[in-house]
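Colleague: Residue numbers (numbering that gives the first Met the number 0), protein chains in the order written: chain D, 0 to 297; chain G, 0 to 297.
Heads up, a few of these hints could be off.
[Unchecked claim] So the derived label-pair ranges between C-beta atoms look like this:
1. G:99 with D:192: 47 to 57 Å
2. G:19 with D:255: 50 to 60 Å
3. D:51 with G:99: 51 to 61 Å
4. D:117 with G:240: 57 to 67 Å
5. D:78 with G:107: 50 to 60 Å
6. G:247 with D:76: 54 to 64 Å
7. G:137 with D:255: 42 to 52 Å
8. G:142 with D:187: 56 to 66 Å
9. G:217 with D:286: 27 to 37 Å
10. G:276 with D:286: 16 to 26 Å
11. G:232 with D:255: 28 to 38 Å
12. D:51 with G:229: 35 to 45 Å
13. G:137 with D:250: 43 to 53 Å
[As the list claims (entries may be wrong)] Residues of chain D clear of chain G, computed beta-carbon distances all greater than 12 Å:
14. 97
15. 132
16. 267
17. 268
18. 273
Read the hints as simulated data drawn from the structure, not as lab findings.
The C-beta atom is built at its ideal place from N, Cα and C for all residues, glycine as well.
Number of protein chains: 2
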Amino acid sequence: MPLVECVPNVSEGRRSDVLDACAEAIRGAGVRLLDVKPDASHNRTVYTFAGEIAAVRAGVLALYARALPLIDLRQHRGEHPRVGAIDVVPFIPLEGATMADCVSLARDVGAQIAADFQVPVFLYEEAASSPARRNLEDIRRGEFEGLAAKLAQPEWRPDFGPAAPHPTAGASVVGARMPLIAYNINLATNRLDVAKKIAAAVRQSSGGLRFVKAMGVELADRGIVQVSMNLTNYEKTPMFRVFELVKREAARYGVDVLESEIIGLVPAAALTASAAWYMQFNDAFGEEQILENRLRRS
Amino acid sequence: MPLVECVPNVSEGRRSDVLDACAEAIRGAGVRLLDVKPDASHNRTVYTFAGEIAAVRAGVLALYARALPLIDLRQHRGEHPRVGAIDVVPFIPLEGATMADCVSLARDVGAQIAADFQVPVFLYEEAASSPARRNLEDIRRGEFEGLAAKLAQPEWRPDFGPAAPHPTAGASVVGARMPLIAYNINLATNRLDVAKKIAAAVRQSSGGLRFVKAMGVELADRGIVQVSMNLTNYEKTPMFRVFELVKREAARYGVDVLESEIIGLVPAAALTASAAWYMQFNDAFGEEQILENRLRRS
Numbered sequence: 000m001p002l003v004e005c006v007p008n009v010s011e012g013r014r015s016d017v018l019d020a021c022a023e024a025i026r027g028a029g030v031r032l033l034d035v036k037p038d039a040s041h042n043r044t045v046y047t048f049a050g051e052i053a054a055v056r057a058g059v060l061a062l063y064a065r066a067l068p069l070i071d072l073r074q075h076r077g078e079h080p081r082v083g084a085i086d087v088v089p090f091i092p093l094e095g096a097t098m099a100d101c102v103s104l105a106r107d108v109g110a111q112i113a114a115d116f117q118v119p120v121f122l123y124e125e126a127a128s129s130p131a132r133r134n135l136e137d138i139r140r141g142e143f144e145g146l147a148a149k150l151a152q153p154e155w156r157p158d159f160g161p162a163a164p165h166p167t168a169g170a171s172v173v174g175a176r177m178p179l180i181a182y183n184i185n186l187a188t189n190r191l192d193v194a195k196k197i198a199a200a201v202r203q204s205s206g207g208l209r210f211v212k213a214m215g216v217e218l219a220d221r222g223i224v225q226v227s228m229n230l231t232n233y234e235k236t237p238m239f240r241v242f243e244l245v246k247r248e249a250a251r252y253g254v255d256v257l258e259s260e261i262i263g264l265v266p267a268a269a270l271t272a273s274a275a276w277y278m279q280f281n282d283a284f285g286e287e288q289i290l291e292n293r294l295r296r297s
Numbered sequence: 000m001p002l003v004e005c006v007p008n009v010s011e012g013r014r015s016d017v018l019d020a021c022a023e024a025i026r027g028a029g030v031r032l033l034d035v036k037p038d039a040s041h042n043r044t045v046y047t048f049a050g051e052i053a054a055v056r057a058g059v060l061a062l063y064a065r066a067l068p069l070i071d072l073r074q075h076r077g078e079h080p081r082v083g084a085i086d087v088v089p090f091i092p093l094e095g096a097t098m099a100d101c102v103s104l105a106r107d108v109g110a111q112i113a114a115d116f117q118v119p120v121f122l123y124e125e126a127a128s129s130p131a132r133r134n135l136e137d138i139r140r141g142e143f144e145g146l147a148a149k150l151a152q153p154e155w156r157p158d159f160g161p162a163a164p165h166p167t168a169g170a171s172v173v174g175a176r177m178p179l180i181a182y183n184i185n186l187a188t189n190r191l192d193v194a195k196k197i198a199a200a201v202r203q204s205s206g207g208l209r210f211v212k213a214m215g216v217e218l219a220d221r222g223i224v225q226v227s228m229n230l231t232n233y234e235k236t237p238m239f240r241v242f243e244l245v246k247r248e249a250a251r252y253g254v255d256v257l258e259s260e261i262i263g264l265v266p267a268a269a270l271t272a273s274a275a276w277y278m279q280f281n282d283a284f285g286e287e288q289i290l291e292n293r294l295r296r297s
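Based on the provided sequences and hints, a complete structural model is requested.
Modeller: Given below as structure tokens:
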């Protein structure tokens, strides 16, 4: 059975009773809740769960039913931009699932959210109905406070549901995307300018690799700097290439890579593909040679 | 539930009806049969299966019950050394299982084989009852034809069963070991002496890495040479270190590594550990950050 991951971002990061209720609703749908990451200053929590398509669909709808009565965006303050009480709902293909499965699921769940809860829904990334709606940032610009005016514009009619915000829940952005890898590379220097220059060199927005977002940040307590990245498609822009490019750019300033770190989860395939590249595996190598993959499928 | 792999080596590689009967007996025990590798010139077949401890135990005993009446070692000829109709039965810890689990299982199954089938059993590798019995080659020396004389020596009393060969099935060597990785590195040269020198440098027997067996071979059809290796403990002698050492030794002769290849199965952990090393992951990285591991355990 194909497995799908879902990573809903809920606009509540402080009230633990609300967060527990959300977790309980998700678990009750028969999926595996893999991770819960609340952030108090963002006032936002990221849930990660996975399961078969029907169970993941049920998990999202159960989350809406439970969370919407408990969250009022009119009272919500936090550092992270948001347009909805359940702000973003991405579906991600895992073992046996395709991106097409996740696009279908996003459309199906999006229509159901609008029908059941009268929440306007925008489809984004791989599920977007037009190129102008692929980027989450573009959809979310103006946030909850600017949503009524945005929805009134013909080009921002939602994909499903009313062309007006839900009074307390705003709107939701539902879509399909590849797994995201949060990947940081720490440099053996305290020169923030070097980290910023490297970030600019490797990220797509300023001419670098297609599926890399990057910024240079200071780790003041350690006296070092970091290139902090999101890798948004590890198949097309693989980890090893990002690491090697950062390392090469650092060398140009006489700076070494100290270490790197993965924040949160990483698909095994992102690591095994990197091992295969570094150790120069020939074309005969296939992921069915990985014992655990064979076990899952036999 | 802990998972264990079992890789019995059966002394028949030609009669497909016998091989099918063995596969059917294994599958009937409720384990997952992952691989069957017959070799006609060796007249030997390697089965790979996995499952929970009780099912793996049942699988081995079902294999003995089915295979022993069909194989007569007195008639058996093949290039590969063998001491038994079912020659070697290693147990290997997978997900959730420890080496101690596999040592217990080897002792338990070994005693049962002797009791049910009157086959003398030697315990080897991690399950060995003394250091002199750790190595398979030492136990197997003399083969089936020399077995009666060997068993008559006090120091070669079997761990279980009679001190005389089974008339048609000889003896069996049962034990516990780490997964074995068959790993070859191809060199961009046709100089066999270079491959042989590198093999001698990296293998344990001549002073190299503890868990590496290696030889230099010619791939005449491609006009290149290969360092052909078995890695017998990828945790203590990891793949990346082997690859880098071979590459460094090759450079000393002005030779590049062309590619490497894994034959058969490899545990995911051997690859993810290599990715972590090449990309300098910091100590915070743990295998529970690998999405598939989290999925299996939640």
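Colleague: The structure should be examined with respect to each hint, and the outcome stated for every one.
Modeller: Status of each hint after checking the structure:
Between residue 99 of chain G and residue 192 of chain D the Cβ separation comes to about 54 Å, which falls inside the hinted range of 47 to 57 Å. In this structure the hint that residue 19 of chain G and residue 255 of chain D lie 50 to 60 Å apart at CB holds, the actual value being about 58 Å. Under the hint 51 to 61 Å, the C-beta atoms of residue 51 of chain D and residue 99 of chain G, about 35 Å apart, miss the expected range. A beta carbon spacing of about 60 Å between residue 117 of chain D and residue 240 of chain G agrees with the range 57 to 67 Å that was offered as a hint.
Take residue 78 of chain D and residue 107 of chain G: their Cβ atoms lie about 59 Å apart, and the range 50 to 60 Å holds. For the hinted restraint 54 to 64 Å between residue 247 of chain G and residue 76 of chain D, the CB-CB distance of approximately 58 Å keeps it satisfied. A hinted range of 42 to 52 Å holds for the C-beta pair residue 137 of chain G and residue 255 of chain D, which are about 48 Å apart. In this structure the supplied range 56 to 66 Å holds for residue 142 of chain G paired with residue 187 of chain D, their Cβ-Cβ distance being about 58 Å.
The hinted range of 27 to 37 Å is satisfied by residue 217 of chain G and residue 286 of chain D, whose Cβ atoms lie roughly 30 Å apart. The hinted range of 16 to 26 Å is satisfied by residue 276 of chain G and residue 286 of chain D, whose Cβ atoms lie roughly 20 Å apart. Between residue 232 of chain G and residue 255 of chain D, the C-beta spacing of about 31 Å keeps the proposed range 28 to 38 Å intact. Take residue 51 of chain D and residue 229 of chain G: their Cβ atoms lie about 40 Å apart, and the range 35 to 45 Å holds.
A beta carbon spacing of about 51 Å between residue 137 of chain G and residue 250 of chain D agrees with the range 43 to 53 Å that was offered as a hint. Every C-beta of chain G lies more than 12 Å from that of residue 97 of chain D, the closest at about 17 Å, which supports listing it as non-interface. Distance to chain G confirms residue 132 of chain D as a non-interface residue, since its nearest Cβ pair spans about 28 Å, more than 12 Å. The Cβ of residue 267 of chain D sits about 5 Å from the closest Cβ of chain G, inside the 12 Å cut-off, so the non-interface label is violated.
Chain G draws residue 268 of chain D into its interface by the beta-carbon criterion, the shortest separation being 9 Å against a cut-off of 12 Å. With a closest Cβ-Cβ approach of about 4 Å to chain G, residue 273 of chain D is found to fall inside the 12 Å limit, against its non-interface label.
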